[in-house]
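Engineer: Once you have looked at the hints, place chains B and C on chain A.
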Amino acid sequence: MTDVENASELTAADPVQQPLPLAFIHGEALIEKPQDLYIPPDALEVILETFEGPLDLLLYLIRKQKFDITALPVADITAQYMEYVEVMKSLKLELAAEYLLMAAILAEIKSRLLLPRRSDEDDDEEDPRAELIRRLREYEAVKVAAQSLDEQPRLERDIFAVKADVADSVSPIRIEPDVSLQELVLAFGHAMKRAAAFEHHTIEREVLSTRERMSQILSMVNSQTYTPLDALFTPEEGRGGVVVSFLAILELVKEQLLLCVQAGPYSRIHVKLGQHEENQ
Amino acid sequence: MKKINKEQLKQLVEAALFVADSPVSKVTLKETVLSDFQVSERALNDVLKTLMLDYQPRGIQLVEVASGYRFQSLDSLSPWLSKMWQESAPRYSRAMLETLALIAYRQPITRGEIEAVRGVAVSSNIVRTLTERNWIKVVGHKEVPGRPALYATTRQFLDYFSLKSLADLPSSDVFEALDDQTQPPATATLDAPSEDDRAIETAEQKREENE
Amino acid sequence: MKKINKEQLKQLVEAALFVADSPVSKVTLKETVLSDFQVSERALNDVLKTLMLDYQPRGIQLVEVASGYRFQSLDSLSPWLSKMWQESAPRYSRAMLETLALIAYRQPITRGEIEAVRGVAVSSNIVRTLTERNWIKVVGHKEVPGRPALYATTRQFLDYFSLKSLADLPSSDVFEALDDQTQPPATATLDAPSEDDRAIETAEQKREENE
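Chains as they are written, first to last, in the working numbering: chain A, 1 to 280; chain B, 1001 to 1211; chain C, 2001 to 2211.
Isolated chain A (complex conformation):
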């Protein structure tokens, strides 16, 4: 039944391909015996990894013998399975519990098949092989699926992600948060209220005095002649007063009420009333 041809028909994923019919059982070298059970010595060490567990081993045995899974010949398969387990044992491979569990299941099925059936039980008694057959089929489907998944074009192996560099002018964009005018006004209100609570007088006075000083300055200049800037400061007032005057001048310049001219670097600055004031 099994010959070299059969062995070569195995799919690539099947583990035993090396035609080295050499095995050691109970310390004795075995050559081609039994034929479908040849295990190359190298493979023995990796047998637990080569077969993905007892279901895989069973499937291998079934496929190798070209048995129909649905007509699982329990007796034959059990015998072969046990031989493998014996080989593993003799090699002192640490036998995974799963292999022994399967051995027990096979023995149990075998014994149940051997038991004479009473005719009245025939209807409801399940074929004891059914559950094992179901598991084998399911496992086989997983095996096929894993294989086709492996054949699926895969990144890093069959295809590579492609990337072009960005031009140097590409730079990350930062989206600035939105601010509403209302938020801004409220923030000002809060700040001022708090300031009032802290130092009521200072803030009030300074704000007032700048406005006041603006009016004073406007009254000191005219639109015809230039007034030297330093004439607008009163050093006697001290630093605070000078600051207030300066702020007032800046405010006036900003509002174009005041025109500022300077003949050259470091020369005196002169001011006069702004142009648009005249037009009004």
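Honestly, the hints are just simulated from the structure, not real lab data.
Here are the simulated DSSO-like pairs of lysine-lysine, each with C-alpha atoms no more than 27 Å apart in a straight line:
id : chain 1 : residue 1 : chain 2 : residue 2
1  : B       : LYS1030   : B       : LYS1006
2  : A       : LYS163    : C       : LYS2030
3  : A       : LYS193    : C       : LYS2137
4  : C       : LYS2083   : B       : LYS1003
5  : B       : LYS1049   : B       : LYS1002
6  : B       : LYS1049   : B       : LYS1164
7  : B       : LYS1083   : C       : LYS2006
8  : C       : LYS2049   : B       : LYS1083
9  : C       : LYS2002   : C       : LYS2049
Simulated restraints on C-beta separations:
id : chain 1 : residue 1 : chain 2 : residue 2 : range
10 : C       : GLN2156   : B       : GLN1038   : 21 to 29 Å
11 : A       : GLN216    : B       : PHE1037   : 54 to 62 Å
12 : B       : PHE1037   : A       : GLU151    : 35 to 43 Å
13 : C       : PRO2170   : A       : GLN216    : 26 to 34 Å
14 : B       : LYS1003   : A       : GLU151    : 45 to 53 Å
15 : B       : GLU1064   : C       : ARG2042   : 36 to 44 Å
Partner residues aside, some chain A positions facing chain B, computed with beta carbon under 8 Å:
id : residue
16 : ALA141
17 : LYS143
18 : PRO153
19 : LEU155
20 : ILE159
21 : PHE160
The beta carbon of each residue, even a glycine, is placed where N, CA and C say it ideally should be.
Structural biologist: The following block gives chains B and C in isolation, referenced to the frame of chain A:
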């Protein structure tokens, strides 16, 4: 919203897909590079289709995967392209592939359920590797004693295997056929569990509890 | 050494330049992807030139840089491509808004003056952020020891808030009534600032400085 002509739209979408680090969805395109422009869904689809055709004869291709569109090298060139890297692509063990396949086809699934199908324990290493690669993730816990984690595949998994959706998984027909044929007997056995079945179940439960 | 036809050579070189992480030199091409093939210097130059022409009208271009050849996005697309890396800045803190408000209403104003009103230091970060947003600018220096900068708002600031001039800034009492209605608890605390308020401000400043 400004108008953009077809030629400019094509250039912009093309460049965007090329400079992106990962596949780009149409939604992302609209929210980023195209946010200034008035572009209809149809115009965008047209441009993507045109680009796909443009690159057909070239060394790279525009493809659609789960999380969007990406340019990728022609897979027939991989034997030579792989020479550009010192390290060869990682090979995955059968245990890893079978575990991944089960999660892909049977998600959401617990580790115990994977072990029940495969007949062997699933090593923590495999679960960790698959999680670290962002191929699988925990999507919940099964309401059974021990509340084992339920695993599912991710969008990155689909991207990596060039799939648009789980429906594109290869040989899903194998699983479907399986469901048609064997589900009824399976239920039957569950109705009358034998001693053996109990033994398996206990072993499974133990394994789950040890997780 | 195998022969390779011009079309295949083009595909291979194109894909190689695209999958590489950095510019690829002709030497590297020959030593890696082309190592199996017999390719003359001239054939390689021809292919590179053809590719450059092929991509001329496209969204990405093949360019030669110091260390080799690379594909890069068309320069003119940068304003839109930049959006693929956009991030939203966090909302402005109260400290930021108050500083801006004080500059708007009390300009020109020094940092010291803002601090005097707010009762806390103004972090450099706030000033920098407002300056970078082109909302405030230095319009001069106050002639006091240390010559502190005088800040004022800009035209962009007016544009952003749809104001024709600073005179259009609403007086703060316009919104106060509204504020009293909508945020009663907030106003209450503001009226009588507690230790807590200062603590909040300090925390905000710290956060801003760490930005």
